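Undergrad: Listed below, chain by chain, are the residues.
2 protein chains.
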Amino acid sequence: MTAAPARRGRPGYDLESLLLVAVKLFNERGYDGTSMEDLSRKLGITKSAIYHHVPSKQELLRLAVDRALDGLFGVVAEVEAQDGRAIDRLESLVRGSVSVLVAQLPFVTLLLRVRGNTKVERAALARRREFDRIVTELVAKAEAEGDVRADVDPAVTSRLLFGLVNSLIEWYRPGRGSTGTELADAVCKIAFDGLRLSPQ
Amino acid sequence: MTAAPARRGRPGYDLESLLLVAVKLFNERGYDGTSMEDLSRKLGITKSAIYHHVPSKQELLRLAVDRALDGLFGVVAEVEAQDGRAIDRLESLVRGSVSVLVAQLPFVTLLLRVRGNTKVERAALARRREFDRIVTELVAKAEAEGDVRADVDPAVTSRLLFGLVNSLIEWYRPGRGSTGTELADAVCKIAFDGLRLSPQ
Numbered sequence: 001m002t003a004a005p006a007r008r009g010r011p012g013y014d015l016e017s018l019l020l021v022a023v024k025l026f027n028e029r030g031y032d033g034t035s036m037e038d039l040s041r042k043l044g045i046t047k048s049a050i051y052h053h054v055p056s057k058q059e060l061l062r063l064a065v066d067r068a069l070d071g072l073f074g075v076v077a078e079v080e081a082q083d084g085r086a087i088d089r090l091e092s093l094v095r096g097s098v099s100v101l102v103a104q105l106p107f108v109t110l111l112l113r114v115r116g117n118t119k120v121e122r123a124a125l126a127r128r129r130e131f132d133r134i135v136t137e138l139v140a141k142a143e144a145e146g147d148v149r150a151d152v153d154p155a156v157t158s159r160l161l162f163g164l165v166n167s168l169i170e171w172y173r174p175g176r177g178s179t180g181t182e183l184a185d186a187v188c189k190i191a192f193d194g195l196r197l198s199p200q
Numbered sequence: 001m002t003a004a005p006a007r008r009g010r011p012g013y014d015l016e017s018l019l020l021v022a023v024k025l026f027n028e029r030g031y032d033g034t035s036m037e038d039l040s041r042k043l044g045i046t047k048s049a050i051y052h053h054v055p056s057k058q059e060l061l062r063l064a065v066d067r068a069l070d071g072l073f074g075v076v077a078e079v080e081a082q083d084g085r086a087i088d089r090l091e092s093l094v095r096g097s098v099s100v101l102v103a104q105l106p107f108v109t110l111l112l113r114v115r116g117n118t119k120v121e122r123a124a125l126a127r128r129r130e131f132d133r134i135v136t137e138l139v140a141k142a143e144a145e146g147d148v149r150a151d152v153d154p155a156v157t158s159r160l161l162f163g164l165v166n167s168l169i170e171w172y173r174p175g176r177g178s179t180g181t182e183l184a185d186a187v188c189k190i191a192f193d194g195l196r197l198s199p200q
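Listed in order, the protein sequences are those of chains C and W.
Letter by letter, the first sequence follows residues 1 to 200 of the UniProt record's numbering.
Letter by letter, the second sequence follows residues 1 to 200 of the UniProt record's numbering.
Accuracy of the hints is not assured; some may be wrong.
[As the list claims (entries may be wrong)] SDA-like cross-link-like pairs, simulated, lysine to any residue; straight-line CA separation at most 20 Å:
1) K24(C) - T34(C)
2) K189(W) - E91(C)
3) K42(W) - E16(W)
4) K189(C) - S198(W)
5) K189(W) - D153(C)
6) K189(W) - R149(C)
7) K189(C) - E16(W)
8) K189(W) - T34(C)
9) K24(W) - R113(C)
10) K24(W) - G116(C)
11) K57(W) - K141(C)
12) K24(C) - D32(W)
13) K141(W) - L197(C)
14) K24(C) - R29(W)
15) K141(C) - L197(C)
16) K24(W) - L69(W)
17) K24(W) - G30(C)
18) K189(C) - C188(W)
19) K42(W) - H53(W)
20) K57(C) - G33(W)
21) K189(W) - A144(C)
Simulated from the structure, these hints should not be mistaken for lab results.
Predicted model only: the values in this text are computed from it and were never measured.
Kindly produce the complete structure, drawing on both the sequences and the hints.
TA: Set out below in structure tokens:
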């Protein structure tokens, strides 16, 4: 266990840099498996120095999952302001979600692992369900408009579509291989048009 | 913490039923976060009764992840014995993998959460990488045969394809909603042909 390296002349952490270390630790060991003691050791500062920034471990979790959820619901708001066909809004929602995932990878990873043992986790799960409901409605609308295949249940289609998006957290690492835009293109090509090349 | 219910007149557990309880507990609390003491309490039997069946916690993990991996490599062996086009073998591999996931859900879930902290975990990760390599080769072959889109890197396509399959562990629960075959159909329709309905 080594202390965090000195941060460019600053004597300690601000809330943002403290949050980043906490989220990394939660992702490695699980939220339940990480104590404020573990965090203080990792940061190389006392617990009371942490409490100067944030009142509890649960508040760190809340800040982290809200970062991810606010990003995703920001995309929802943009998409809901769009005119045009539902399938195009659905594609915008997928692209925007991939962008949020790439930009906020540790926060989205933590969000997707939340299990619902605390009030903060249950609130996060409720917002995730609301997001899923919005996706399913958009898939159903696109199906009603004749743009999405009707031989798969819209709830299953939306779960598979965002299962595909969310699976990126398992292997995508920023700075290695594809950029966020290339990744969003690949996801949309495969999800919307399939990997089969139709005979010309 | 309640003792396990009496099992149809049998006085205790055999290795199989013990393994099922262990895997459920590992999935709930994490492998690292589960002690033999926790398992003994959950089973309502002593630790020495557990050691009568299995020498260590790590051996329980090995049995569990090998169950999942043997299932997946069984599908690989079947697919490699098939003649015909690579894209059809790829589709068989996806269908077979969904079947294994549905039939062995707790074991596959555990396998997909393995992080590599122990010898058993590192061996499981090595077999997973071998599986991924086989998928990527099959995608590349199907691309060379002109059946799979060439505008996405085969390694990315194979990661997305199995990201989609593996995402089922997050929401699929046997006996609720779709059967395994319906699920495999939905996955193949979306992955191979896309959710967009092309204009006739």
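Undergrad: For each hint, tell me whether it holds in the structure or not.
TA: Checked hints:
1. Between the alpha carbons of K24(C) and T34(C) the distance comes to roughly 11 Å, so the proposed pair stays at or under 20 Å and holds.
2. For the suggested pair K189(W) and E91(C), the alpha carbons sit about 18 Å apart, so the restraint of at most 20 Å is met.
3. As the CA atoms of K42(W) and E16(W) are separated by approximately 15 Å, the hinted pair is consistent with the 20 Å bound.
4. The hinted pair formed by K189(C) and S198(W) meets the criterion: a straight-line CA distance of about 13 Å does not exceed 20 Å.
5. With a C-alpha separation of about 12 Å, the suggested pairing of K189(W) with D153(C) holds against the 20 Å cut-off.
6. Taking the CA atoms of K189(W) and R149(C), the gap is about 9 Å. The hint holds against a cut of 20 Å.
7. Under the criterion of a C-alpha separation no larger than 20 Å, the hint pairing K189(C) with E16(W) is inconsistent with the structure, at around 43 Å.
8. Annotation: proposed proximity of K189(W) to T34(C) is violated, straight-line Cα distance about 41 Å (limit 20 Å).
9. Distance hint between K24(W) and R113(C) is fulfilled; the C-alpha atoms sit about 17 Å from each other, no more than 20 Å.
10. Distance hint between K24(W) and G116(C) is fulfilled; the C-alpha atoms sit about 17 Å from each other, no more than 20 Å.
11. For the hint pairing K57(W) with K141(C), the CA-to-CA distance comes to about 50 Å; that exceeds 20 Å, so the pair is violated.
12. This hinted pair checks out: K24(C) and D32(W) have alpha carbons roughly 18 Å apart, not beyond 20 Å.
13. With a CA separation close to 13 Å, the supplied pair K141(W) and L197(C) stays within the 20 Å bound.
14. With a CA separation close to 19 Å, the supplied pair K24(C) and R29(W) stays within the 20 Å bound.
15. For the hint pairing K141(C) with L197(C), the CA-to-CA distance comes to about 27 Å; that exceeds 20 Å, so the pair is violated.
16. Simply put, K24(W) and L69(W) have alpha-carbon atoms about 17 Å apart, close enough for the 20 Å limit, and the pair holds.
17. For the suggested pair K24(W) and G30(C), the alpha carbons sit about 17 Å apart, so the restraint of at most 20 Å is met.
18. A hinted pair counts as satisfied when its Cα atoms are at most 20 Å apart, and K189(C) with C188(W) qualifies at roughly 15 Å.
19. Taking the CA atoms of K42(W) and H53(W), the gap is about 16 Å. The hint holds against a cut of 20 Å.
20. Restraint check for K57(C) and G33(W): satisfied, since their Cα atoms lie roughly 19 Å apart, inside the 20 Å limit.
21. Among the hinted pairs, K189(W) with A144(C) is consistent with the structure: their alpha-carbon atoms are about 18 Å apart, no more than 20 Å.
The structure does not agree with the numbered hints 7, 8, 11 and 15 stated previously, though it agrees with the rest.
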